[in-house]
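Peer 1: Sequence:
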Amino acid sequence: MRLHAKLYANICELYANIYRSQLAYYSQTFAYIFACFMNEVEKHFDTIAPSYDYWKKKNWYYYKKVKSIYGELVSSGAKVLEVGCGTGEILADLKPSFGVGIDISSEMIKMAKEKYADSKNLRFFQSSAKDFRTEEKF
Numbered sequence: 001m002r003l004h005a006k007l008y009a010n011i012c013e014l015y016a017n018i019y020r021s022q023l024a025y026y027s028q029t030f031a032y033i034f035a036c037f038m039n040e041v042e043k044h045f046d047t048i049a050p051s052y053d054y055w056k057k058k059n060w061y062y063y064k065k066v067k068s069i070y071g072e073l074v075s076s077g078a079k080v081l082e083v084g085c086g087t088g089e090i091l092a093d094l095k096p097s098f099g100v101g102i103d104i105s106s107e108m109i110k111m112a113k114e115k116y117a118d119s120k121n122l123r124f125f126q127s128s129a130k131d132f133r134t135e136e137k138f
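Residue numbers 1 to 138, in my numbering, belong to the letters of the sequence shown in order.
Simulated from the structure, these hints should not be mistaken for lab results. Note that the structure is a prediction, hence the values are computed from the model and not measured. Accuracy of the hints is not assured; some may be wrong.
[Claimed, not checked] Between beta-carbon pairs, the in silico distance windows are:
| no. | residue 1 | residue 2 | range |
| --- | --- | --- | --- |
| 1 | Q28 | F132 | 20 to 26 Å |
| 2 | C12 | D53 | 55 to 61 Å |
| 3 | Y26 | K79 | 35 to 41 Å |
| 4 | Y54 | Y19 | 47 to 53 Å |
| 5 | K110 | S68 | 23 to 29 Å |
| 6 | S21 | A78 | 45 to 51 Å |
| 7 | S106 | Y19 | 39 to 45 Å |
| 8 | H44 | F98 | 25 to 31 Å |
| 9 | K115 | Y26 | 39 to 45 Å |
| 10 | S97 | C12 | 56 to 62 Å |
| 11 | W55 | S106 | 17 to 23 Å |
| 12 | A9 | K130 | 24 to 30 Å |
| 13 | S106 | C12 | 15 to 21 Å |
[Stated by the list, open to error] Restricting the straight-line Cα-Cα distance to at most 30 Å, the calculated cross-link-like pairs of lysine-lysine (DSS-like) are:
| no. | residue 1 | residue 2 |
| --- | --- | --- |
| 14 | K115 | K65 |
| 15 | K67 | K137 |
| 16 | K57 | K95 |
| 17 | K120 | K58 |
Every residue, glycine too, gets a C-beta built ideally from N, C-alpha and C.
Given only the sequences and the hints, what does the whole structure look like? Please build it.
Peer 2: This is the structure in structure tokens:
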């Protein structure tokens, strides 16, 4: 009996080691694939940034509804963090006491900063949701 228990324990340990090595490999592979995907997402939104507001105006009814829904959920004067803020229109429309918009696209953030340069209560940062860090509480 003891021999079988020891053999079973060794087999379990062998499988655990194989599992750990595979998990490490797949974790690294997934991280690499995800980074490549996010790089493509950033390139896409950098490319469409110059015409982004044009298309939002053409689809005004949709964005009006989005703003209306968010306006019902977020009180005017609240502190707001918007992830994927694009050119900042929805964040600005919410009229926060303090608003932070982040977007993976540096071109979208550039446009948001230009559009709302006079808004002292709005800040825009180029970052992924995964990498963004702040001490601010929302």
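Peer 1: Evaluate each hint against the coordinates.
Peer 2: Verification of the hints:
A hinted range of 20 to 26 Å holds for the C-beta pair Q28 and F132, which are about 23 Å apart. Checked against the hint of 55 to 61 Å, the pair C12 and D53 passes, with Cβ atoms roughly 59 Å apart. Separation of Y26 from K79 is about 39 Å and conforms to the stated range, judged on CB atoms against 35 to 41 Å. Range check, Y54 to Y19: Cβ separation about 52 Å, and the 47 to 53 Å hint holds.
A C-beta distance of roughly 28 Å is found between K110 and S68, which places it inside the suggested range of 23 to 29 Å. A hinted range of 45 to 51 Å holds for the C-beta pair S21 and A78, which are about 48 Å apart. For S106 paired with Y19, a C-beta distance near 40 Å keeps the hint of 39 to 45 Å intact. Between H44 and F98 the C-beta distance comes to about 30 Å, which sits within the given range of 25 to 31 Å.
Under the hint 39 to 45 Å, the C-beta atoms of K115 and Y26, about 42 Å apart, fit the expected range. Here the CB-CB span from S97 to C12 is close to 57 Å, well matched to the stated 56 to 62 Å. For W55 and S106, the hinted distance range of 17 to 23 Å is satisfied, since their beta carbons lie about 19 Å from each other. The hinted window of 24 to 30 Å between A9 and K130 is violated, with their beta carbons roughly 39 Å apart.
Here the CB-CB span from S106 to C12 is close to 50 Å, at odds with the stated 15 to 21 Å. With a C-alpha separation of about 22 Å, the suggested pair K115 and K65 falls inside the 30 Å cut-off, and the hint holds. This hinted pair checks out: K67 and K137 have alpha carbons roughly 23 Å apart, not beyond 30 Å. For the hint pairing K57 with K95, the CA-to-CA distance comes to about 20 Å; that is within 30 Å, so the pair holds.
For the given pair, K120 sits about 29 Å from K58 by alpha-carbon distance, which is consistent with the 30 Å threshold.
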